[in-house]
Amino acid sequence: MTAVRGGRVEARAARRARRYGTWYATEYRLRLMRAYGGTILAGTLANPLIYIFALGVGLATLVEQKTGPLSAGGHGYLAFVAPALLGIAALTVAMEESTYAVMAGFKWDQTFFAMNAAPLSPAQVASGNVVIVILRLLVGCSVYQVLLFAFGAVPSPWGWLTVLVAVLCGTAVAACLVAFSSSLEGEDSPLALVMRFVITPMMLFSGTFFPLANLPVFLQPIGWVSPLWHATELGRVLNYGAVEPAWLSVLHVAYLLALTAVGWLLAIRVTTSRLSR
Amino acid sequence: MFPGPVIVASDLRKTYGDSAAVDGISFEVAPGEAFGLLGPNGAGKSTTMRMLGAVSQRTGGDLRILGLDPDRSGPEIRAQLGVVPQSDNLDRELKVRDNLIVYGRYFGMSRKELGPRADALLEFAQLTDRAKARVDQLSGGMKRRLTIARALINDPRILLLDEPTTGLDPQARHVLWDRLFRLKEQGTTLVLTTHHMDEAEQLCDRLVVVDKGVIMAEGPPAELISRYSSREVLEVRFGSDNNAAVAARLGSIGERSEVLPDRVLIYTANGERELAAILAAGFAPITSLVRRSSLEDVFLRLTGRSLVE
Ligand SMILES: Nc1ncnc2c1ncn2[C@@H]1O[C@H](COP(=O)(O)OP(=O)(O)OP(=O)(O)O)[C@@H](O)[C@H]1O
Ligand SMILES: [Mg+2]
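Taken in sequence, the protein lines are chains A and B. In terms of numbering that gives the first Met the number 0, the first sequence opens at residue 0 and continues consecutively. In terms of numbering that gives the first Met the number 0, the second sequence opens at residue 0 and continues consecutively.
Heads up, none of these hints are tricks.
Footprint (simulated), chain B over chain A, 3 or more residues, beta carbon under 8 Å:
id : stretch
1  : 13-22
2  : 27-39
3  : 107-116
In silico EDC-like links for lysine to aspartate or glutamate, alpha-carbon gap of 16 Å or less:
id : chain 1 : residue 1 : chain 2 : residue 2
4  : A       : K106      : A       : E184
5  : B       : K94       : B       : D128
6  : A       : K106      : B       : E92
7  : A       : K106      : B       : D87
Partial chain B-side listing against chain A, Cβ under 8 Å, derived:
id : residue
8  : V54
9  : P84
10 : E92
11 : Y102
12 : F106
13 : G107
Hints in this document: simulated from the structure, not taken from any laboratory. Heads up, the beta-carbon is just placed ideally off N, CA and C, and yes, glycines get one too.
Next comes chain A alone, as it looks inside the complex:
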């Protein structure tokens, strides 16, 4: 029985938890991911190929018949939608990792309560839920960009920076979704509503597949508040040198950073109030 009472570890435990707690919370989510790693991997590879093929080969032919090869400054329709595709992929990842997985930790398995009973703080639990998405975004968006590049959709060397823009966009949405999912105590149906009436319309009406200017004026504000619109517009500047005023580019970045900060802080607040009741 002496084995059970080994050396005291608590002083070190508290120090490490204060320092690395967010990483421990992230590590937990990573470990859960292993169980469905195959599905994630398949999606990471297959989804881009499906989209690139459908848009680059199918839709592009149609679009370019109308607009001529001039779209995207002569680089073709696929180069025009490439930043949007990255952004949409980022939103998909955010949705997959920040909704039911987060609700489960509070509601079904209550594992977040267990983490908080250990030295981890509620803020670290919340941050772990955001950081795990960032990790998945970095991998997923990079793979996507490599495939886009292979299909000739990344004409400018600056285009590689689009990966970071998409990651930032996904992080902003993920942080907000973590805050929202953490607040759900009853049914999970509000999540389905958010996906149907917020995320999906955002994917379609953020100047993704056609310019925002093509929308009726009264619908255009949808684009301005949409993180995906900001990410896509900035991505186009980087990807093929689309022209926009510099202040607008700065605004895109600022908006995405601000949304990330607000969402993240909210996630911490909601998690703290829920765990420390």
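With the hints as your guide, set chain B with the ligands onto chain A.
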């Protein structure tokens, strides 16, 4: 080693909206002691435990765990606690042994030190042969033992157990008690809640009886019984329609009596003598039973209600 009491609660309060779940309780727990909170549903036991566990913020009063203030030193306190919550929050996505490993990571332990430690704890919890099973495949008693094993991963100074055996069958309960006894022998401070008087009597050196967020009495189980109850209790049944009427006519038999819906309890130093007196007076109980007083009787005396509703 920390000198003095490991837990000091004074006038501890927790309110939710307008209602007070914990309404000013004070107690101390000494190192190595097994301390119990005994009380019915809704007494505020779990709420108190969550505050002791440095997760739930108190609304009022003062609390020191190992000399530290939970509001400021949460991680430092929790690093020295083991927590067994009322409902198991094991990770069902993970295997039995992995539950221990993953939990140990939250204490900053390396995988290398966690391996042998997890194995020793599985041995302690008598779950070695289930190491690779899924949590869902465990029985209720096994899950409870696994939760306790997980709570021990950091070699805690204080183990908080919220109703450790509720819902378990008697045999599983005895296995668990045996494990807790061993921990106690090794000097781990145990704080547990229960609404089973036998559990409180078995495990606790000292306990508080709580009801509606306040402490009704405090002391070692035997002392509480001798203070608030007689040595023996005679239980007689006259049929649910007659109990109250007969009890009213029993007069001076026994020191005191309680009428429950299904039986009459007569408190006395000598149960057999009172039974003889009842029979001699011409009453004919359907059944009768003489037993020693228990914490159940203490609770009944203090609150006028049964512990288990
Ligand atoms: N998060 C909460 N919000 C509002 N009220 C709460 C909350 N938690 C507990 N309460 C209330 O506080 C009171 C005490 O609850 P608590 O869970 O501490 O009782 P308990 O003694 O553990 O009961 P049980 O034996 O049923 O577990 C109850 O009236 C309960 O409804
Ligand atoms: Mg309880």
